[in-house]
Amino acid sequence: MRKRTLIPLIYILFLLLPIYWLVAMSFKTTGEILSGFSLFPQTWTFDNYRVIFTDPTWYWGYINSVIYVSLNTVISLIVALPAAYAFSRYRFLGDKQLFFWLLTNRMAPAAVFALPFFQLYSAVGLFDTHIAVALAHCLFNIPLAVWILEGFMGGVPKELDETAYVDGYSFPRFFTTIFLPSIKAGVGVAAFFCFMFSWVELLLAKTLTAVYAKPIAATMTKTASSAGYELGLLAAAGTLTIIPGAIVIYFVRNHIAKGFALGRV
Amino acid sequence: MKKHYQKAWLFVLPVLLLVAFNALIPMMTVVNYSVQETFGNNLFFWEGLGWFEKLLHSERFHAALGRQFLFTAIILAIEIPLGIIIALSMPRSGFWVPVCLVTMALPMLIPWNVVGAMWNIFTLPDIGLLGYLMNHTLGINYDMTQNTFAAWATIITMDVWHWTSLVVLLSYAGLVSIPDAYYQAAKIDGASNWAVFRYIQLPKMKQVLTIAILLRFMDSFNIYTEIFVLTGGGPGNATTLLSIDLVKIALGQFDLGPAAAMSLIYFAITLFVSWLFYTLMTKDDTN
Chain A
1 MRKRTLIPLI
11 YILFLLLPIY
21 WLVAMSFKTT
31 GEILSGFSLF
41 PQTWTFDNYR
51 VIFTDPTWYW
61 GYINSVIYVS
71 LNTVISLIVA
81 LPAAYAFSRY
91 RFLGDKQLFF
101 WLLTNRMAPA
111 AVFALPFFQL
121 YSAVGLFDTH
131 IAVALAHCLF
141 NIPLAVWILE
151 GFMGGVPKEL
161 DETAYVDGYS
171 FPRFFTTIFL
181 PSIKAGVGVA
191 AFFCFMFSWV
201 ELLLAKTLTA
211 VYAKPIAATM
221 TKTASSAGYE
231 LGLLAAAGTL
241 TIIPGAIVIY
251 FVRNHIAKGF
261 ALGRV
Chain B
266 MKKHYQKAWL
276 FVLPVLLLVA
286 FNALIPMMTV
296 VNYSVQETFG
306 NNLFFWEGLG
316 WFEKLLHSER
326 FHAALGRQFL
336 FTAIILAIEI
346 PLGIIIALSM
356 PRSGFWVPVC
366 LVTMALPMLI
376 PWNVVGAMWN
386 IFTLPDIGLL
396 GYLMNHTLGI
406 NYDMTQNTFA
416 AWATIITMDV
426 WHWTSLVVLL
436 SYAGLVSIPD
446 AYYQAAKIDG
456 ASNWAVFRYI
466 QLPKMKQVLT
476 IAILLRFMDS
486 FNIYTEIFVL
496 TGGGPGNATT
506 LLSIDLVKIA
516 LGQFDLGPAA
526 AMSLIYFAIT
536 LFVSWLFYTL
546 MTKDDTN
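Protein sequence lines, in the order shown, are assigned to chains A and B.
If you count by this note's numbering, then the first sequence holds residues 1 to 265, one letter each, in order.
If you count by this note's numbering, then the second sequence holds residues 266 to 552, one letter each, in order.
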């Protein structure tokens, strides 16, 4: 029995090592980093974080990312909810084909779409806006949200709908006051996944922005290439990008396993 | 039985419009480029299927495709069994379960370029923890900017670090859905651990494992940012996988025609292999 618990323990240690190294690096001075190897920061410094919190090009990167990620999550959920309901409750012409086509968009390599996306969003005058990135990320987040929500909705018995209609509920009222609360966990999980995939994606976000909506991840790549090798600053910026993920994951911690199974267990 | 209700189309219309805007228009742009040649200034000439023909005979494309399949095959061969083993040995209940799950999910929530940067910092020969341990403590010459094997070992370890948790979480979700009665029955029958795994746990995990294999295939086949940040495709072209090669051609050299043709073939391969996996793994269900 003891041998069995050792495996997850070793795995978690393996997961935490690179993260520890990033965090440790962010508290070191550039001089210490370049002078050689040290397991812990010898002289703790908060300078790297100070730079990020006082320089607008840095902290606006975070604000931009949070804005388009939130926009994307809201848009994806609003359009995916009725669609998932339709898929889980009704049969209609082309439903299976449509569902499959939606999923194929999850398979499209972002690299394939980078240039056409740039041209499309420039043509409609949305280049370098938050909404452009939010809409572009819908390409893979809407199919995912529909998939997850459909899984969770499938677990709600159809009798619930029928009883509500017999009781004289209108559809909008039934949907918002009865149905939504019964798939609360599913909505939370879907929101979590939309947040996650929009937050971690960089290629499209970088292609569609230049100055005003530039994500934090793009600011980091600029630093890595232009300003020499400011590893401490890079590490601090990286550390800060882990925090939003850690916060949202806390809210879905009890549903996370079921959520990753897309509601299908 | 689901009701036939054609008005349900109204429910899916917003999704259809948004995804079509994002998928169909760019896809048409790509198709358009793939059959034309340009010398700049927005002048285009009809090229027919020339780009496709050249690409299918191009050694560079074959090499990138080969590396891509090798990478994806190694990733699947490591992450799927490892994920199952970890999920099997995790506690089923108690205080540690949410702690385990949250820590395991953490790598997946880190932006992909940060993952690359983090592994870069982690593996730097004299400064990084792993690089230092390898070179100075263990005495193994380890520098992925010079050595092809080291570069491959590093990108694979990085991906295992990044995504094995997905397999763990999916398998775990399948495992906890097995009622205790199944295990009790197996105990009465005197079933071995292997028999319990083979005839109770594995069948119950089949559906979630199908999702895991599909997602891991698609995402490892489309991987770009992490590897681009970590190795830039080097040393030489050793880790130039399909996406990296594609971006080099499209945005680096601005060869729109060849890049578009490559995009379409790339997407077609992804679709075909996904479909193949899906049909093979769900074949037994329909019989």
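Calculated from the structure, these hints are not laboratory results.
Note that the structure is a prediction, hence the values are computed from the model and not measured.
For every residue, glycine included, the Cβ atom is placed at its ideal position computed from N, Cα and C.
A hint or two may mislead.
[Said to hold, decoys possible] From the derived model, a few chain A residues whose C-beta atoms are all more than 12 Å from chain B:
| hint | residue |
| --- | --- |
| 1 | F46 |
| 2 | W58 |
| 3 | G125 |
| 4 | G168 |
| 5 | E201 |
| 6 | V248 |
[What the hints assert, rightly or not] Okay, the calculated beta carbon distance ranges per label pair:
| hint | chain 1 | residue 1 | chain 2 | residue 2 | range |
| --- | --- | --- | --- | --- | --- |
| 7 | A | K184 | B | A460 | 36 to 42 Å |
| 8 | A | A210 | B | K267 | 43 to 49 Å |
| 9 | B | L467 | A | I10 | 55 to 61 Å |
| 10 | B | F309 | A | V124 | 18 to 24 Å |
| 11 | A | D128 | B | N458 | 54 to 60 Å |
| 12 | A | Y20 | B | V296 | 44 to 50 Å |
Hint check:
Distance to chain B confirms A:F46 as a non-interface residue, since its nearest Cβ pair spans about 19 Å, more than 12 Å. Consistency note on A:W58: stated as away from chain B, and its beta-carbon is indeed over 12 Å from all of that chain's, at 14 Å minimum. Listed as a non-interface residue, A:G125 keeps its Cβ farther than 12 Å from every Cβ of chain B; the least gap is roughly 14 Å. The beta carbon of A:G168 is kept farther than 12 Å from every beta carbon of chain B, the shortest such distance being approximately 19 Å.
With a closest Cβ-Cβ approach of about 7 Å to chain B, A:E201 is found to fall inside the 12 Å limit, against its non-interface label. Listed as a non-interface residue, A:V248 fails to keep its Cβ farther than 12 Å from every Cβ of chain B; the least gap is roughly 8 Å. Roughly 39 Å separates the CB atoms of A:K184 and B:A460, a value that falls within the hinted 36 to 42 Å. Look at A:A210 against B:K267: about 47 Å separates their beta carbons, and that is inside 43 to 49 Å.
Between B:L467 and A:I10 the beta carbons are some 23 Å apart, a value that contradicts the proposed interval 55 to 61 Å. Range check, B:F309 to A:V124: about 21 Å between beta-carbon atoms, so the 18 to 24 Å window is met. The hint said 54 to 60 Å for the Cβ distance between A:D128 and B:N458, and at roughly 58 Å that hint holds. Taking 44 to 50 Å as the suggested C-beta distance range, the pair A:Y20 and B:V296 conforms, at roughly 47 Å.
The structure fails to meet hints 5, 6 and 9 from the earlier list, while all remaining hints are met.
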